[in-house]
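Trainee: One letter stands for each residue in the lines below.
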Amino acid sequence: MVEPATAIVAAARRASARMADRDTPFIFDDWYVAAFADEVGRTLFARTLLGKKILFYRTEDGTAVAMSDRCAHRSYPLSEGTLEGDTVVCGYHGFRYDAHGDCIEVPAMAKCPRSIGVKRYALVETGNLIWIWMGDAETADLAKLPETAFQTSAEWVCSKGYLHLAGNYVSLHENLLDLTHLSYIHARSFGTPEYARAPFRTEIGDGHFLVHREVIPTLLPPVWADPMGLAGVTTAARIATSEFMSPGFHRVTVSFYDSAVPEAKRQVGTIRTAHLPTPETHSSTHYFIVHGRDFALGDPDATGVMHDRLFQAFEEDVEALGKLEHMLAETAPEDMYEISVATDGPSVAMRRYLFQRARSAEVWAP
Amino acid sequence: MVEPATAIVAAARRASARMADRDTPFIFDDWYVAAFADEVGRTLFARTLLGKKILFYRTEDGTAVAMSDRCAHRSYPLSEGTLEGDTVVCGYHGFRYDAHGDCIEVPAMAKCPRSIGVKRYALVETGNLIWIWMGDAETADLAKLPETAFQTSAEWVCSKGYLHLAGNYVSLHENLLDLTHLSYIHARSFGTPEYARAPFRTEIGDGHFLVHREVIPTLLPPVWADPMGLAGVTTAARIATSEFMSPGFHRVTVSFYDSAVPEAKRQVGTIRTAHLPTPETHSSTHYFIVHGRDFALGDPDATGVMHDRLFQAFEEDVEALGKLEHMLAETAPEDMYEISVATDGPSVAMRRYLFQRARSAEVWAP
Amino acid sequence: MVEPATAIVAAARRASARMADRDTPFIFDDWYVAAFADEVGRTLFARTLLGKKILFYRTEDGTAVAMSDRCAHRSYPLSEGTLEGDTVVCGYHGFRYDAHGDCIEVPAMAKCPRSIGVKRYALVETGNLIWIWMGDAETADLAKLPETAFQTSAEWVCSKGYLHLAGNYVSLHENLLDLTHLSYIHARSFGTPEYARAPFRTEIGDGHFLVHREVIPTLLPPVWADPMGLAGVTTAARIATSEFMSPGFHRVTVSFYDSAVPEAKRQVGTIRTAHLPTPETHSSTHYFIVHGRDFALGDPDATGVMHDRLFQAFEEDVEALGKLEHMLAETAPEDMYEISVATDGPSVAMRRYLFQRARSAEVWAP
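Here the protein sequences come in this chain order: F, S and P.
Position one of the first sequence corresponds to residue 0 (numbering that gives the first Met the number 0), numbered consecutively onward.
Position one of the second sequence corresponds to residue 0 (numbering that gives the first Met the number 0), numbered consecutively onward.
Position one of the third sequence corresponds to residue 0 (numbering that gives the first Met the number 0), numbered consecutively onward.
Fair warning: there could be bad hints in the mix.
For chains that are exact copies, the list does not tell them apart, and a pair is met inside one copy or across any two.
Stated by the list, open to error - Below, computed lysine-lysine pairings styled on DSSO-like, alpha-carbon distance capped at 27 Å:
id, residue 1, residue 2
1, 322, 52
2, 143, 159
3, 264, 143
4, 264, 52
These are calculated hints, taken from the structure and not from any lab test.
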């Protein structure tokens with residue numbers, strides 16, 4: 000027996016010390032999906048994001064607002080209070096806040112004290128998504144808002160879903176960036192044995208990490224073969240691009256066609272999935288997903304069938320990442336190391352990027 | 000939007016640093032209700048008070064005794080053993096303790112080793128209440144025993160109850176000392192909208208903190224209007240006094256009458272409630288309550304109806320304080336601050352008093 | 000009342016500071032039972048031992064193997080993967096390990112990187128037991144393997160069982176070494192009142208601690224009186240020897256006969272129990288038990304009856320030690336002390352021995 004070589008383990012530990020993991024502080028100065036648009040309305044709605052308890056509602060003109068869910072007076076959850084017009088009244092002592100998080104009334108006081116309030120968060124709504132800037136609202140940078148225009152484009156048919164992941168968001172990003180797992184975790188859904196062995200190329204940029212894989216020829220799984228009319232076709236092509244776009248957004252694009260058909264005559268179908276992980280705590284993640292296709296647009300049945308099959312696969316990831324989180328939580332530091340191989344290049348670079356951003360933020364407390 | 004002013008938040012944090020909260024050490028040198036008298040009898044009874052596991056029983060002559068529940072030999076819970084006469088026999092190796100907590104027999108030894116024993120606690124029984132001095136028994140100070148004579152007086156009809164609170168006892172004291180919450184938490188039981196806005200006066204003494212509030216005219220809630228014969232009377236008066244008496248005792252006294260009736264002809268009814276919080280852990284509290292009235296003494300139905308309605312309201316507090324505890328537990332220190340307003344004067348003073356007492360005790364470990 | 004003498008408590012604390020308890024590091028350089036032989040087969044089996052998650056299976060030739068359950072790549076539990084021939088394939092990215100824990104295939108790589116692997120553990124199988132050496136496999140010392148030959152001897156009829164103990168293994172060893180608890184914890188099973196008071200002798204060696212107790216005359220409990228034909232015999236003898244053999248092995252031997260029968264004509268029956276505690280975590284223990292008798296060998300009914308009655312008693316220990324663990328976990332350090340008496344000599348020595356071994360190991364982190 001050859002024990003794992005001491006030098007390799009030591010090198011792996013040195014490398015891991017500069018990679019984000021479940022213990023790395025969150026990155027606040029960025030956009031994350033807070034909720035689907037239809038989750039926020041005229042009732043008070045509370046959700047924990049990046050460890051912060053946040054209150055959401057819409058004002059009477061339909062604008063979504065977000066503020067700290069903790070009353071500045073005695074910490075009672077504002078979400079347990081009542082929405083009156085555009086204001087929230089705390090359910091404990093009646094402190095009233097406007098849609099900016101400013102306290103505008105204290106019932107026991109003839110005059111409301113000035114400059115009391117709770118932290119407000121900047122929100123932007125695009126299509127079905129409500130994005131939140133988790134840093135100071137004044138620093139919210141619209142130029143950094145992820146581009147997900149496909150979700151409202153007439154050229155795409157989309158569906159959406161939410162999964163609660165009992166694992167950290169770094170593991171989910173890593174999962175998405177290394178699709179060799181399709182042959183294993185998804186062996187019974189959309190993985191195929193040759194997928195993990197297919198050639199690939201990677202791009203490692205500044206905050207953008209990409210893996211591109213071409214599986215030709217292959218047999219498509221039913222989820223795509225059926226609506227593409229490629230069932231049983233052994234000469235199919237499957238061209239997948241997986242891209243880390245930001246801490247809250249990972250984009251997967253996959254094209255399909257029959258490689259036996261000359262390029263000029265090919266019918267190419269493409270799917271695009273926006274994977275939108277928002278950390279809840281260091282060991283749990285809100286996993287929002289928007290999925291679209293640019294083919295079989297007039298086939299409503301295809302939408303339901305594809306949605307069900309894909310979300311079944313995403314649930315396989317959630318289940319697996321939950322088991323992984325459990326292992327990470329129970330492994331003693333002295334037993335912990337992660338050995339990376341060549342295919343891990345993009346995910347290692349991505350984890351270094353997250354680590355650097357977390358370290359450069361003020362919240363870092365080593 | 001005006002962000003909560005940095006200077007105000009900083010000042011609030013400095014003030015909070017000298018106020019007791021859920022992290023403040025307990026105050027051991029005082030009396031707390033350990034149990035209702037009828038909870039302790041000739042079977043072994045265990046309860047955790049101020050983080051200490053304590054065993055209770057009565058000797059054959061009916062005297063209630065309390066001692067540490069942990070056998071001095073190998074830490075087995077004595078409450079899992081047997082009561083034999085006035086002695087307790089440990090269920091593990093048979094160590095026998097007398098009612099003073101002294102070990103008087105070790106079965107495997109011909110002669111019992113001397114000076115082995117467990118900590119005994121001083122108890123005093125008054126009416127339905129068994130009070131415990133949580134410090135050293137020799138220092139138990141009867142002069143500090145709270146006065147609750149009304150519970151056994153012929154001029155009062157009383158009922159009692161127990162609620163388990165999933166929150167710290169400081170929050171409960173603060174809840175009781177700021178009755179503006181009646182209009183919100185108890186909006187559906189005995190709160191009325193004008194209550195929070197009524198004029199009040201406060202008294203801040205050395206270990207005694209009082210809020211007095213007069214709501215005239217008002218419409219009494221049914222719990223009091225019905226037995227007082229004041230249902231529908233819009234000129235009713237509601238005079239409430241809320242007093243922090245000790246870490247284990249808060250007294251609320253409320254009088255009712257029809258303010259339209261000349262003073263000489265008024266029928267004044269008074270209720271008195273002894274709120275008796277005993278910390279279990281830093282995040283849970285035994286909440287004992289004795290409630291009495293000095294009117295409708297011959298109406299047994301009124302007792303049951305009032306008890307049920309009042310305890311429904313006390314359960315509203317318990318539910319709200321449980322939600323508050325959850326928020327406090329989940330708020331990161333860097334996000335925590337509490338802004339006090341003028342009506343918080345007595346509760347801020349009370350929390351400073353608890354903080355000072357905790358700090359001056361030997362158990363303080365900063 | 001005499002408070003527990005301060006000097007005695009202080010001395011007890013000084014003594015305890017050198018005795019193993021629930022906080023003492025584990026002793027890795029020794030043999031522990033990992034599983035019964037029939038628990039490990041051709042399916043992947045995971046168990047946590049001494050805080051380490053370990054994977055077990057048998058190769059095609061029937062050899063039991065054990066290795067770390069954490070994939071060296073990204074920490075996914077190998078037990079969630081698949082067993083293919085003698086190899087394990089990780090269920091996340093398909094890393095394949097041989098029975099030595101060496102990684103022999105990475106699907107996404109044309110050539111497997113060298114010297115990647117997971118920690119392998121040395122196993123030895125004796126009779127129904129699979130023993131594991133928890134330290135480095137190269138240091139596994141067969142000379143230290145506990146001797147339990149009786150389990151496969153024709154002179155003994157054996158049965159076996161497993162109990163999960165919600166308590167630390169030190170408390171279980173102490174329980175086994177001080178059988179005065181039989182009169183209390185087992186008062187309704189195989190304890191008798193006079194047992195705790197019977198004369199005893201002890202032996203304290205280097206890693207071997209023994210208590211020998213002779214109860215003559217006595218009335219045997221039915222579990223032994225019935226198969227020995229000594230029911231109702233008031234002159235029975237019960238000679239018990241309890242021996243700590245190693246951190247993972249405690250042996251109890253008890254002989255029975257009618258003391259009224261002359262020595263030459265006596266029928267002596269003996270039972271032997273191998274108590275095999277393997278720490279799972281610091282507060283839980285895998286409790287393996289093998290029980291044998293050398294009498295009534297041809298009576299299959301006796302085996303079942305004795306097994307059921309004995310395991311009922313062992314469950315009494317498990318229940319009591321669970322309550323003890325709870326008390327230990329909830330007792331504040333400043334309230335904790337354990338006073339030992341003369342009968343505790345062997346268990347105090349045993350706990351000092353475990354403490355010394357833990358302290359001398361490299362894993363000790365004070």
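Trainee: Determine which of the earlier numbered hints do not hold for this structure and return their numbers in increasing order.
Mentor: Going through the list in order, the structure violates hints 3, 4 and respects the others.
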